[in-house]
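S.K.: Sequence:
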Amino acid sequence: MPSLRGFCGSRRWSGSGESCRWISETQTRRIGDAVIKPFSPCLPFSPSPYLQLPKHGGEMMTHKERMLKAIRGEWADWLPWTPRIDLWYNSNSLRGTLPSKYPKGIALDEIADDLGGGYHKITPEFMKVRSPDDMIDRGIGVYRLWGMPHRSELVGVDREVKQEGDATEVTYHTPVGSASCKIVYSEEMRRAGISIPWIAEHVIKEPKDYRVVGHIFKNIRVYPTYDSYLEFHRQVGEKGLAVAFGHNAAGPMHHILKQFFDATAFYLELYDHPNQLRQLCEDMDLFFDQIHGIVADCPAEVILYGSNFDDMITYPPLFKEHMMPYLQRLADLIHPKGKFLLCHCDGENKGLLDLIPESGMDVAEAVCPQPMTKVTIPEVKKAFKGKVTIWGGIPSVALLETSMPGHEFEEYMKKLFKEIAPGDRFILSVSDTTPPDARFERLFRITEMVKE
Numbered sequence: 023m024p025s026l027r028g029f030c031g032s033r034r035w036s037g038s039g040e041s042c043r044w045i046s047e048t049q050t051r052r053i054g055d056a057v058i059k060p061f062s063p064c065l066p067f068s069p070s071p072y073l074q075l076p077k078h079g080g081e082m083m084t085h086k087e088r089m090l091k092a093i094r095g096e097w098a099d100w101l102p103w104t105p106r107i108d109l110w111y112n113s114n115s116l117r118g119t120l121p122s123k124y125p126k127g128i129a130l131d132e133i134a135d136d137l138g139g140g141y142h143k144i145t146p147e148f149m150k151v152r153s154p155d156d157m158i159d160r161g162i163g164v165y166r167l168w169g170m171p172h173r174s175e176l177v178g179v180d181r182e183v184k185q186e187g188d189a190t191e192v193t194y195h196t197p198v199g200s201a202s203c204k205i206v207y208s209e210e211m212r213r214a215g216i217s218i219p220w221i222a223e224h225v226i227k228e229p230k231d232y233r234v235v236g237h238i239f240k241n242i243r244v245y246p247t248y249d250s251y252l253e254f255h256r257q258v259g260e261k262g263l264a265v266a267f268g269h270n271a272a273g274p275m276h277h278i279l280k281q282f283f284d285a286t287a288f289y290l291e292l293y294d295h296p297n298q299l300r301q302l303c304e305d306m307d308l309f310f311d312q313i314h315g316i317v318a319d320c321p322a323e324v325i326l327y328g329s330n331f332d333d334m335i336t337y338p339p340l341f342k343e344h345m346m347p348y349l350q351r352l353a354d355l356i357h358p359k360g361k362f363l364l365c366h367c368d369g370e371n372k373g374l375l376d377l378i379p380e381s382g383m384d385v386a387e388a389v390c391p392q393p394m395t396k397v398t399i400p401e402v403k404k405a406f407k408g409k410v411t412i413w414g415g416i417p418s419v420a421l422l423e424t425s426m427p428g429h430e431f432e433e434y435m436k437k438l439f440k441e442i443a444p445g446d447r448f449i450l451s452v453s454d455t456t457p458p459d460a461r462f463e464r465l466f467r468i469t470e471m472v473k474e
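According to my numbering, the sequence shown is numbered sequentially starting from 23.
Since the hints were derived computationally from the structure, they do not count as laboratory data.
The reader is advised that the hints may include incorrect statements.
No farther apart than 30 Å at their CA atoms in a straight line, the calculated lysine-lysine pairs in the BS3-like style are these [what the hints assert, rightly or not]:
(1) K359 with K86
(2) K404 with K126
(3) K240 with K204
(4) K396 with K440
(5) K407 with K396
(6) K240 with K227
(7) K407 with K372
(8) K359 with K409
(9) K436 with K372
(10) K436 with K404
(11) K396 with K359
(12) K240 with K230
(13) K126 with K91
(14) K126 with K280
(15) K473 with K403
(16) K473 with K123
(17) K184 with K150
(18) K240 with K261
(19) K473 with K440
(20) K409 with K261
(21) K407 with K359
(22) K403 with K342
(23) K126 with K86
Given only the sequences and the hints, what does the whole structure look like? Please build it.
M.R.: In structure tokens form, the structure reads like this:
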């Protein structure tokens, strides 16, 4: 016999799964062998996120609906769960080490369906390259990937491309001079699941290169490619959120840090060449303005803008001065249109926790707690003050037997679920991603836990 589990407001709910139905206060309803008679609410009730609450009419929510409700700060029928498995899939499909139950050539999304969670569709499909042009400008942080809502074209620039083994060297010839960079994508990287080439030689090597790079970005033209995004959106459907790729840097200075220098060199440049950095930021501003306008009008619910925040790399004063204004600028454009701003916060966030809620960010994705970082989920929730949805929570080491034996995994997950409770503004996922050598059955166990 289905059991009466609770009530909320002026409606009550009963049973489990698809047998559940909403019941008004004045309605007597038979559910299976149970007769439910009207009664009046007498206590406030907050439904557990781990129970499968039905929508009005008894239908279960889709994964997309659950995720959007979490982002809006509303209750879903259960805790949204979106395991990220793309790098795990890339590595194991190439090595031939996918679980034996999966046939050769099985698609990533088919495995995601088998896991029972929603699709994790945030990072662009860097391996889905249609032509060399898609990734040829990776060394300067410009991508033309399938599913993106915009496409950037270089104007007044001639490229000279040299391929040598796994390395691609690109020299940019402009009216104000030339500059070059080198990217590498090796078999070893592919087998590790890495989907994006590594910058082996940065484009700015000496002061004269600033002017060349500034010319490139002052003359870039960005065009909408909404049809490409809509194809991606249709493919994801109700199984997840088709997050639109705005940019992986929150403004020019963040782009410079991520693409034009390694971290040590960048901080030296801040001290040695502040005027050149400032001018380059001004030269790049139009590029970001074009992206802002296009993604604000694109047919997406959620926009990815800014990634790899970390309180040592993007330390608080740098974040506040150079990244927050761009996050806020984009948020002011998209919020009136009903869109949400998502950032990939996969680093050490302890020193940034108080700034994130004021940044315009709606979703902090890839939030990773202890033992991989210094923060705990309760600390993050307290700092976010109900303004920002947490997406993540499961450190990738929790899926590795060598880092966390089975009994420790079970205890860790039980503790995590207690910390997540009551479950509002939370989308459960792996932070940052499922490692190639993960105990894959643990993802199925997490699905069971979410539904328990």
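S.K.: Mind listing which of the numbered hints don't hold for this structure, in increasing order?
M.R.: Failing hints, ascending: 2, 11, 13, 14 and 18.
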